[in-house]
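Spelled out, the chains give:
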Amino acid sequence: MAVVKYINLYFKLIGAGVRAQLQYRFAFIMRIIGMLTAYTGTAVTMWVMLYQFQTLGDWNFYEMLFLLALAIVSWGFCIILFFHFRSLDTYILNGTFDRFLVRPINPFFHFMAMKFEVSSLGQFIFSVVVLAWVSVELQIDWTFTKALFLIGAIIGGVLIQGGLLVIISALAFWTTKSEQFYWVAMYPARNLTYYPLMIYPKLLQWVTAFVIPFGFVNYFPSTVILEKETPFFPDAIGYFSPVVGLLFFILSYFIWMQGLKRYKSTGS
Amino acid sequence: MSIIEVNGLHKEFLIAKRETGVMGAIKSLFKREFTKKEAVKDISFSIEKGEMVGYIGPNGAGKSTTIKMLTGILVPSAGEVTVNGIIPYENRQANAKNIGVVFGQRTQLWWDLPTIESFELLKAIYRVPDKRYKENMAIFQEILGLDEFINTPVRQLSLGQRMRADIAASLLHDPPILFLDEPTIGLDVVAKEKMRTFIQEINREKQVTVILTTHDMEDIEKLCQRMVLIDHGQKVYDGEILAVKERFGKMRTLVVDLEETSKQLYVTGGALVKQEGYRYWIRFNRDEISASDLITQISQTHNIKDLTVEEPVIESIISRIYQEGFTEQHETVHI
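One line per chain: the protein sequences are C and D, in this order.
Numbering (this note's numbering) for the first sequence: 2 to 269.
Numbering (this note's numbering) for the second sequence: 5 to 339.
Check each hint, because a few of them may be wrong.
To be verified - Computed list of lysine-lysine pairs in DSS-like fashion (alpha-carbon distance at most 30 Å, straight line):
hint	chain 1	residue 1	chain 2	residue 2
1	C	K265	D	K127
2	D	K101	C	K265
3	D	K41	C	K178
4	C	K262	D	K127
5	D	K267	C	K178
6	C	K265	D	K35
7	C	K178	D	K210
8	C	K262	D	K35
9	D	K40	C	K262
10	D	K45	C	K6
11	D	K226	C	K262
12	C	K13	D	K135
13	C	K178	D	K40
14	C	K265	D	K40
15	C	K265	D	K41
16	C	K265	D	K21
17	C	K6	D	K210
18	D	K135	C	K6
19	D	K309	D	K267
20	C	K178	D	K21
21	D	K138	C	K13
22	C	K6	D	K127
23	D	K31	C	K262
24	C	K262	D	K45
25	D	K267	C	K262
26	D	K309	C	K265
27	C	K13	D	K254
28	D	K53	C	K265
29	C	K13	D	K309
30	C	K6	D	K101
31	D	K226	D	K101
32	D	K45	C	K265
33	C	K262	D	K138
Claimed, not checked - Covered stretches of chain D (chain C as the covering partner; in silico rule of three or more C-beta atoms under 8 Å from a C-beta of chain C):
hint	stretch
34	63-76
35	117-126
36	217-227
37	294-304
Said to hold, decoys possible - Far from chain D, some chain C residues (derived; all Cβ distances over 12 Å):
hint	residue
38	V4
39	K147
40	A190
If you are wondering where the hints come from, they were derived from the structure by calculation, not from laboratory data.
All of these numbers come straight from a predicted model, not from anything done at the bench.
C-beta: ideal position from N, C-alpha, C; glycine also.
Chain D with its partners taken away, still in its complex shape:
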């Protein structure tokens, strides 16, 4: 059985309609009208032990709502969830022992106290045996370098340090499952890299199953083999990241710098998408025309000074999926 099993998950909220003006406010005191908002609609997926899955979607897509149902914070309106064999909302406390949670924007550490005290308190809350505690702390200190700030109050930590402490805190009780809600938000490049290495390491060594939400596509590309993409509460895609790149990554952009000329550039098989001075951006489908064919074509009429071929980053691929839906696209625009 999969470690996480989600079946036909559904969550709707009633949102009170607010009427404008003083009269509206008075009216709403006595009679409130509600609109139904479906935050999560019929989502199903299952995650195997040891997997590292990116859970992606634009703001308001229903990512956090799903995570909250998996952690037992929210009760679903319909559908089934099991996490490590436990139904989270029915048995929240038992579920809490199996999961580690990091909310990137909110720390779970004791703000005013030296960092080490938060670990001691979490040790008591989760009843981590002394031996496990010492072993785990040794590992965290080695990989995350907690030593350098372990006696500093949390409020004085840099964001990178705080995230490191937070992630260590969430793993103190050896949970088999880890939820990371935007673990790299606001971090600089070096801190991001450190964080990613650590996540990879614990996934590999402790076989921790990781569910990760993020807006940073590099996180996904570097960490996850699989991603679940949701939009407007519905699952849009679930599968390998490579497959997404395969399907949406066919489009390339050829950027050419031409020598000064009065002749207008014409190309067939590609679309001229942008022009700045004598620099042209030509978008083309890899399956329909090769870059070298395009270049040959251009060089027949113009002198090329410089050129590059840009591959799409996964970010732009995803934003196109949001806009167009996950259907096969054939884009051939001729000018």
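Only chain C is shown next, with the shape it has when bound in the complex:
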């Protein structure tokens, strides 16, 4: 009962968020175009690099494009759902966060539903086009289970990246400002996912698998779909992606709530 009401409320709130954003049409369209060009740039860089070497590790250009597209499609969903958390520190700084605490609903939910970033259309156009193209080039056989696994992997990726956004935002409860942590943790972690994990030093691979589990966003699931080997890791590790995502997100939620507790005793 309560869940149904929360879902209802969620759609009402995000509906309002979307209408609010559409008030600024120009900015909205520019964002989409900006993202589209930025990712195309990344893909071109990749091509230039591989033109010389043919393969990176044992990954060829198309396989790497698949990796990139998978990272970007889940990042796109992640932006839609969780990007509002990036501005949590601004709310805390200018005192507008209190508003979420005088309402009779869960503040995490309320904060999350306040904004629904629709401008990630650029990410979707890019990743859908690339995935289709690469599927043909690599002759991927999209069986029902494979497609289902892809969806599961995307959900896992969304939850992992969203979880990190949530954890970073929660740091604002302790330090007031959290923007810098975004550049220290989120940005490099996302950049790592653009290339196959196996080309990195062992320690970095280990961290990316078990500490900040960004390996599960695209690398491990890609090895399952593309039937590739995962040196240093068991072959089936990619299948755990949705579970890892769920666990990581639950962890991030508890860290956020812990931060909120601190906020309520310090008020800053």
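Using the hints provided, position chain D relative to the given structure of chain C.
Relative to the frame of chain C, chain D by itself:
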């Protein structure tokens, strides 16, 4: 039982000491020293249903901290709070249903959307039944004139309109208690008056208990019978506004314009506080000397062209309480 019960409320913050210079900044990365700041010290009061109470104090006195503890935003360091039988910080969401909150300087409306949408969303958040929603909106439209700007985006509203919308939004779910944090700040005289009339009306008609913080003494004088005055986190006064006026309002100022003269003015029983040309300001205690006695005294030596007696406004009374504390003052300065 009172609707709001505050007992020995205490709140302290740890504030990180900042050292100056680059070395200081580096040092503070590794070892931070904290100073304790007591924002609220041992405050107790209780408020009955339907009361309208002014919660007054200078900036940094602990007003907002107290309000935040009453609304469940902050957890007290010590002491007890109950609001409508609920401990706010333990049961924040249940408490939220019983209270309406308006922070005068920050809107709680959706900035980019037409005003009506904020009401629709709050209706969903508070689960206000359709019937109640329609009835309440009709009342707000009648008293607050929301109609004229209901379809305008919030960011385009004037401050007066925005405050009206904000206060209506805080009352949408029929809370028995309303917290108003500086509800008239920045408003012009007409808008202020409208706001005050509305607050009075909902207090009277819906028996809403109102706790109001403000720097505008007219708000207090016009709206509240009772005020709680705090300074440096402590309660300085709690009682009727009339009593404050009674106790601190004994001082009057007689302003006289004299005809040109070379003779210096001397008065006994009053204090000459200011002089501009031939205009004199004489402060006196009503209990010790009457204005007419003073005037007679002056007219014996000088010709009076014009005169007025100024009563103290509550604002100056309060600023004196801050400076001197709430103790009996006998001020008799002779010159």
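*Index of numbered hints that the structure contradicts, given in increasing order*: 5, 7, 10, 11, 25, 26, 27, 29, 33, 36 and 37
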